[in-house]
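S.K.: Here is what each chain is made of, one letter per residue.
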Amino acid sequence: MLARGRTRCAHHCWRGIVAIAVVTTLLASCKGDREREPTRLALVARTGPATTGGDTAARFTDDGQWVRPGKDFQGTRFSGLTEINNQNVHNLRAVATFSLGTTRGVEAAPIVSGTTMYIVTPFPNFVYALDLTQPGLPTKWTYKPRPVNASQGVACCDVVNRGLVVDNGKVIFNTLDGRTIALDAATGKELWITQVGNINIGESVTMAPLVVKGRVIVGVSGGEFGIRGWLKGLDENSGNVAWTAYHTGPDKDVLIGPNFKPFYKSDTAKDLGVSSWPPDQWKIGGAGVWGWVTYDPELDLIYYGTSNPGPWNPEIRPGDNKWSTTVFARRPETGEAIWAYQVSPHDQHDYDAVNENILVDMPWKGQQRKLILRPDRNGYFYIIDRQTGEVLSAEPYGFINTTTGVDLKTGRLQYNPEKATRTGETVLYSCPAAPGAKDWQPAAFSPRTGLVYIPHQNLCMDEEGVEPNYIAGTPYVGTNVKMYAGPGGHRGLFDAWDPVGQHIVWSIKEDLPVWSGALVTAGDVAFYGTMDGWFKAVDARTGKELWKFKTGSGIISQPMTYSYNGKQYIAVLSGVGGWSGAIVAAGLDARDSSAALGFVNAMKDLPKKSTKGGMLYVFAL
Amino acid sequence: MSSRFERGAWRVRRDATRTTRHALLLLTLTACERENRRFSENPPTAAPTASALVVSQLQPGPAVVEPKIEAPYDDNAWAVSEGKALFNAMNCSGCHFQGGGGIGPALMDEEWIYGSDPQQIFASIAEGRPNGMPAWKYKLGTQQIWELVSYVRSLSSLNPKGARGGRDDHMMVKPPEASTPQTKPKMASTPPGDD
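Quick note, the sequences are listed as chains U and Y, same order. Each residue of the first sequence is one higher than the last, beginning at 1 in the working numbering. Each residue of the second sequence is one higher than the last, beginning at 1 in the working numbering.
To be clear, the hints were calculated from the coordinates, so they are not data collected in a lab. Note that the Cβ used here is the ideal one computed from N, Cα and C, for glycine as well. Each hint should be verified, as a subset may be incorrect.
Stretches of chain U that chain Y covers, calculated by requiring three or more beta carbons in the stretch to come under 8 Å of a beta carbon on chain Y [as the list claims (entries may be wrong)]:
(1) 141-153
(2) 387-401
(3) 474-482
(4) 574-587
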């Protein structure tokens, strides 16, 4: 009855209602200025075994470089550089800038390998190589991949690109129109181009590849276009596709074989990728990959999560909808699945599971364990045993009312039936909203503080299921959404989370969603950017703001640090957009609160706070 | 006494009748303006000529003024509502949402990248546009595209009010087309790749 009354209310009075390994040496150097004793944590093998191949092994120990968006295979976004620290960061000043020549949302990280900085822009995916040895960072070379213009029509949430990777003298990146391209890092010459995606069935590629053991790992975007999601392993030297793992369909397509040992019973049965869907629905069931892939060289496993099932409207797809919203562990050389854990079975609210799996070794209940730290979109901070896939903990790090918790015995997310998405009915105030408590923007982990630095958002939504219609190459969503600020009225947060104690240590409230990634350094400084253009440095132990700089446009990218000639630099790309900033990047009309999948309603003020841009900023003392 | 009283009563009754008559007349007249109903007509079969594809306002030499083609359904409430149903069923709403835009540009604002004239909108739908707009002419018939044209025009109130939708059957996300203020269409001055 209550639900019905609310539904009727949706049409009239909703507004009124809404008002409502480290490296032990680092550990040794830990300052004792924190109230709590620093947790004894270790990154996995920062000095990776030579089996990882290529020149990446050596770079584990080189904090001067930053060769992939996540910094290391474990995705810590932690740098051991200490020249810039919490005592002197207030003296930081801009030392170089560079215009990207684009005006759409910039989500990438600048990448530094040797004496060159590499940047890939949003569509049309220019790649720049900037010379760090020269004043003003002049361009060494520029590469224009010329992606098909029409690919902009299958990019759900602005035409972003999340970065490139440098490995074995190659720059490797993806284009929006579904190509993976390898360039000679020295000259920018094309080495190979492989077409991995097809825009005519809604496929695009926005993620940064990861290169592991001579395999280029690439996934597909298009969970809003009725794709059949996949992850591919390409040969690093030829670009040939070595394997493709689909995320729906029969086990043989998912590369599930005799070595597949999921921890939970609900993930164990033959061909779940078929039987957990209505007939044939798995063929257009989404479950793409557009976030982060991490790698444990000792276990020789890659970890990543799959996206939402398609369409969003859950009533169209009764069943668990495997393997959407699932964390997979796979062998990089063959793609073979070793374990899987479905985070949000039968997803109700677009809670993709693409968020980063940060790999950390730490004691858990008295025993040293190999763990995954994972702030999921559904609002829970998961701690998962990365050998077995067992969920050890799942505590909320944001405001949640769509679910009531995670049953650690079965691994099942417990849904709140009152917030279930139904066709033709409007459910009010579902939290977190579709982008989750945290979206793609990657967190950072400091082994010095033992804390995870989580940039995220605080949004709720009204949601109504509608009948979707599958037409290849067009959106397949079936849901009307209207988002707004969650409890407290602030839309963003930058939180320090203690994974051992499972609680927030300090929290910074931001007016706008914090859509940038995080960076943390051994100087005990954490960095992030805001959508109105402020680039901020805070004390990694206390959260105290130490420095800020106003860039030309909103920041939704990944800050990084590197050193050249013995001097430390901090770099970030400025350029508002992405799903949250589409209102500015694409010039949307805020009178339609369903615009951009409902995000526009929460961002009506953004055009007054940020304009389009695309600029590199480099800072030093 | 009584006759004067009766006369007074009669006058009151006559005044009331006159008021009613005026009201009825007014109602009839406004009702006439609401929508021009056409009960039997053939569906439009003609697609706009190639001139619809002209997207530059610059012509070398003396300018040729192309005759403006009227949208056959701009004043037809039923056809506009059919256009709205198509707009959602064909997933136009998946990119443009209810007019505010997302993947595709906003359609309820004053900015038009390829023009707001009926034949220009027809061409945008039928032929597609380079930056992501699919070409629909092999999927939709001429009549359906014309229905869509008039619905799209109704989003910024470019068609008569009487033919515009007054309510939505779904979650309220914006004012209905009938109460959307009319905007003066302007050609976007940003490059198409940057709209």
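S.K.: For every hint, state whether the structure bears it out.
M.R.: Do the hints match the structure? See the list:
1. Only residues whose beta carbon comes within less than 8 Å of a beta carbon in chain Y count, and the segment 141-153 of chain U has 5; three or more means the coverage holds.
2. Counting residues of the segment 387-401 of chain U whose CB lies closer than 8 Å to any CB of chain Y gives 0, so the stated coverage by that chain is violated, three being the minimum.
3. For the segment 474-482 of chain U, the proposed coverage by chain Y is satisfied: 6 residues have a C-beta within less than 8 Å of a C-beta in that chain, meeting the threshold of three.
4. Three residues within the 8 Å Cβ limit are the bar, and the segment 574-587 of chain U against chain Y gives 3, so the coverage statement holds.
Of the hints listed earlier, the one the structure fails to meet is number 2.
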